[in-house]
Amino acid sequence: VKELAITDLEGTRRVVEEANRANLNHIIYLSRLDADPNSMFAVLRTKGQAERLVRQSAIPATIVRSATLFGRHDRFLNSLAGLAAWSWPFVWLPAGGHALLQPLWVEDLARVLVRLSDPLDLQGYRGQTFEVAGAERLRYEELMRQVLSAAGLSRRPLGVRMPLVRFLTNVYWGRLRRPPVTRFFLDRLAVPETIEMDSVVRQFGFAPSRLSDQISYLRQGNLRWRLWG
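If you read the sequence shown in my numbering, its first letter stands for residue 13, the second for the next number, and so on.
Hints are computed from structural coordinates only; laboratory data are not their basis.
We put the CB at the ideal spot given by N, CA and C, even for glycine.
Keep in mind that a hint or two might mislead.
[Unchecked claim] Computed Cβ-Cβ distance ranges for the label pairs, DEER-style:
1. 133 / 176: 46 to 54 angstroms
2. 169 / 36: 46 to 54 angstroms
3. 179 / 131: 44 to 52 angstroms
4. 154 / 176: 18 to 26 angstroms
5. 98 / 125: 20 to 28 angstroms
6. 131 / 218: 35 to 43 angstroms
7. 33 / 229: 35 to 43 angstroms
8. 172 / 30: 24 to 32 angstroms
9. 183 / 136: 47 to 55 angstroms
10. 183 / 102: 13 to 21 angstroms
11. 202 / 154: 16 to 24 angstroms
12. 85 / 168: 25 to 33 angstroms
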């Protein structure tokens, strides 16, 4: 939580100060879906507080609330595949794998940011808040099926109660410098991370990629060791 405050709050405050000093005319802030300064979850609360700092600036701002991102070097799907590689013969499904996710391909986010950065702002994006997510709403269990298939792994699903997962995360993974599972990842599963399915098409004129079309990178070797990379 302390690191979040330093990175998101202090970092955002400094960026806003420097932007004012440089007389910039537009700030684009990348936030998270469900960001709320009063959220009980640290990541969402900190992002909501950072959004408030950006809005209070004298510089016109555009806020992009993004779903969880995936891409070749992500710490999301790569970590899930790596954990599955270690957990033979099972794949763990926190809370039974019922959490809803709508992950967004990182290159689709890049397309959104390029459109928002138009210096002429012909579409009137400045001053607005946008929510972006992927093409599919997937339960965690279905997401893991696709991850396992792409990675060439065969595992039996094993539902695990969330209190046990949190305990193991705090006691075991929490000792590592770069833990593959964190309390913030588990918080992500506690709040449905979804938006309207046509949101990106309606706002930006293109359809985001489906998960299965962009995760062939998971079939690389050394899955177990990439977990710690």
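Going down the list of hints, with the structure as the test:
no.: 1; hint: 133 / 176: 46 to 54 angstroms; in the structure: holds, 50 angstroms
no.: 2; hint: 169 / 36: 46 to 54 angstroms; in the structure: holds, 49 angstroms
no.: 3; hint: 179 / 131: 44 to 52 angstroms; in the structure: holds, 51 angstroms
no.: 4; hint: 154 / 176: 18 to 26 angstroms; in the structure: holds, 22 angstroms
no.: 5; hint: 98 / 125: 20 to 28 angstroms; in the structure: violated, 35 angstroms
no.: 6; hint: 131 / 218: 35 to 43 angstroms; in the structure: violated, 21 angstroms
no.: 7; hint: 33 / 229: 35 to 43 angstroms; in the structure: holds, 40 angstroms
no.: 8; hint: 172 / 30: 24 to 32 angstroms; in the structure: violated, 45 angstroms
no.: 9; hint: 183 / 136: 47 to 55 angstroms; in the structure: holds, 50 angstroms
no.: 10; hint: 183 / 102: 13 to 21 angstroms; in the structure: holds, 20 angstroms
no.: 11; hint: 202 / 154: 16 to 24 angstroms; in the structure: holds, 18 angstroms
no.: 12; hint: 85 / 168: 25 to 33 angstroms; in the structure: holds, 29 angstroms
Checked against the numbered hints listed earlier, the structure breaks hints 5, 6 and 8; every other hint is satisfied.
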